[in-house]
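Got two chains here, separate frames each, mind docking them using the hints?
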Amino acid sequence: MKRLQLLITLLVLAFSGSPAFAQFTQSQMINEWQRAKAYTKEYLDAMPEDGYSFKPTPEIRSFAQQMLHLADANYLFGSMGSGKPSPLGHTLPAHNMLEKSNARTKEATTKAVMDSYDFVINALQQIPPDQWQQSIKFGKADITRAGLFGKGFEHQTHHRGQATIYLRLKGVTPPAEKLL
Amino acid sequence: MKKLALLFVLTTLLFADNAAFAQFTQPQMIAEWQRAKAYTKEYLDAMPEDGYSFKPTPEIRSFADQMLHLASTNYFFASAASRKSNPAGQTALEKTVSPTKETVTKVVMDSYDFMIGALQSMAPGKMDEMAKGKFHGVELSNANLFGKAFEHQTHHRGQTTIYLRVKGITPPAERLF
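Which chain is which? The protein sequence lines are A and B, in order. Residue numbering for the first sequence follows this note's numbering, starting at 1 and increasing by one per position. Residue numbering for the second sequence follows this note's numbering, starting at 1 and increasing by one per position.
So here's chain B without its partners, still in its complex pose (with noise of 0.2 Å):
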């Protein structure tokens, strides 16, 4: 029984250890959540707050309904990773908050805390599990959603750096690490 013990805790760390294939552990993905929202909030202070207010052109989103879009979709797969109830509920960010910098600012970094809150909370076997439901047709993995809600956050804080441009400000540097 002793070898079959050893063989147990051997195999055990070799596979835990290698998280095969994962592009990013868990542990991983809230250091990148964290870095996300540290790179947000640098793109939240660079814009003044008459810039809040502003579209590149009249018909899209302003400065202020991309940063709070970025959020409600935060606390949209968030919550739909973790199971946990969305305190922002079914309504889009960018109908009820006052789009001031100073608001702007505290509802981001608060989907963003939500957010690495979520990750921190799933046990490590549920992160494979299939999440509820499915999303325009396609059954994703909890952890998937959070690859997704990465990338949503990516393309439109991306969006935002030619906002910053047009107003005459230089973006924060590109921040991928």
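Excised from the complex, chain A in its bound form (with noise of 0.2 Å):
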């Protein structure tokens, strides 16, 4: 029994000590996140107020309804990725609360945005090690708890860097792209 003690123990330590093909563990993520947080932020900054009603062509979203776009799409991934509920109701059929009624101003823009990642970043420090890979359903799509994080992650990626052009275009030279 001794034997089998000791196989048991190098075996979980082997496997846990390194977890395999991962792209970012749990605590990576966390950083992760909070860098894109005070990313995000630089964006939120560089702005002035009357820009954050700016936009490039009539049709598309300002300034403010981006951040505040990115910001809905973070309680929803982060509640659905982790099962703990938005204070605001967030679900998939209904998440462009922020967008749609939050004040467009700077600084309730700014507020909300850091909530929203504070939200998230909260959840992904809740989601215990052995739910992290439960797979779950987000609409039609079957994906794990840790890969619709992955899928949020992505999501403010994106209309930041969109956002980014909006900055150009009202003569601000936009922050330095802030990989690490």
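Simulated from the structure, these hints should not be mistaken for lab results. All values derive from a computational prediction rather than experimental measurement. Even glycine gets a Cβ: it sits at the ideal position worked out from N, Cα and C. Keep in mind that the hints are not guaranteed to be accurate.
What the hints assert, rightly or not - Per label pair, the in silico range of CB-to-CB distance: (1) E102/B <-> A108/A: 38 to 48 Å; (2) E107/A <-> R83/B: 40 to 50 Å; (3) M130/B <-> K100/A: 39 to 49 Å; (4) N96/A <-> K84/B: 41 to 51 Å; (5) E139/B <-> Q125/A: 19 to 29 Å; (6) E129/B <-> K100/A: 39 to 49 Å.
In structure tokens:
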């Protein structure tokens, strides 16, 4: 039995110490989202108040709406990924409440967006490791909890990226790309 | 010994299948990059030839330059993570590639193929090894490099959404899945 116990210990250490094939581990993902929050904050700071209502073309989202859409999606992915309800009631069929109803001033937008990152970071921290790879439904798609946080990360990168050109068109030099 | 062997198999299955804490497993990452390639292709297709030289403001990259920068960076990260030599070399593709729709499309698609090939070639144990050197002072695993590269192409493709809008084109629908 002693040999068995030793073997179990060794195997557990071997596999749990080296999370096989991880793009980012859970703790790395928390760091990634903290960086993403700080990076998006630089964008929110860089745009002057009068640019929050700016749209490069009339049919698309204003800068404030892009950022509030990003915040809505953060709540959606964070709540569906973790199973923790959004305090604002985001669900897949209804998740654009901030874009629709939040005040679009620089101050109110900044607060709503920062709060959405805090929700995601907190949700990530609370997922028990054994639920991390649990498969869940996102609409028709089957995805793991961890994978859904990856999709959420891509989503905010995509919309922040768009906002880069809003800044340029307003004559503002955007924040330097912050990959690290 | 039979009991030991059985235990070994069970434990291995349990942990290897579980890939504890992985955001995306290696096969999932390959699928993510294949989707990213198809999504970027939709952008390359959507912009007409005369839009490839378009810049929303004079001091920034043209549409072609954004896409070539994305391609150069795909090569850089894939080569750093896989230790495969970089077929694009050290010079930025923005500086060497003819900015026509046909050429840019080919170069960008090739960069995704190199990325996907690099990912497929990684022995599972290599993914979590640290990459050589530091990246702006930060040490990263090979797997992390693939993740940073993914963010990079998302960021630059995202910027070009507004290039399309300003040129009067409805961009491809967001394709997260």
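**Q.** Hints breached by this structure
**A.** Every hint satisfied by this model.
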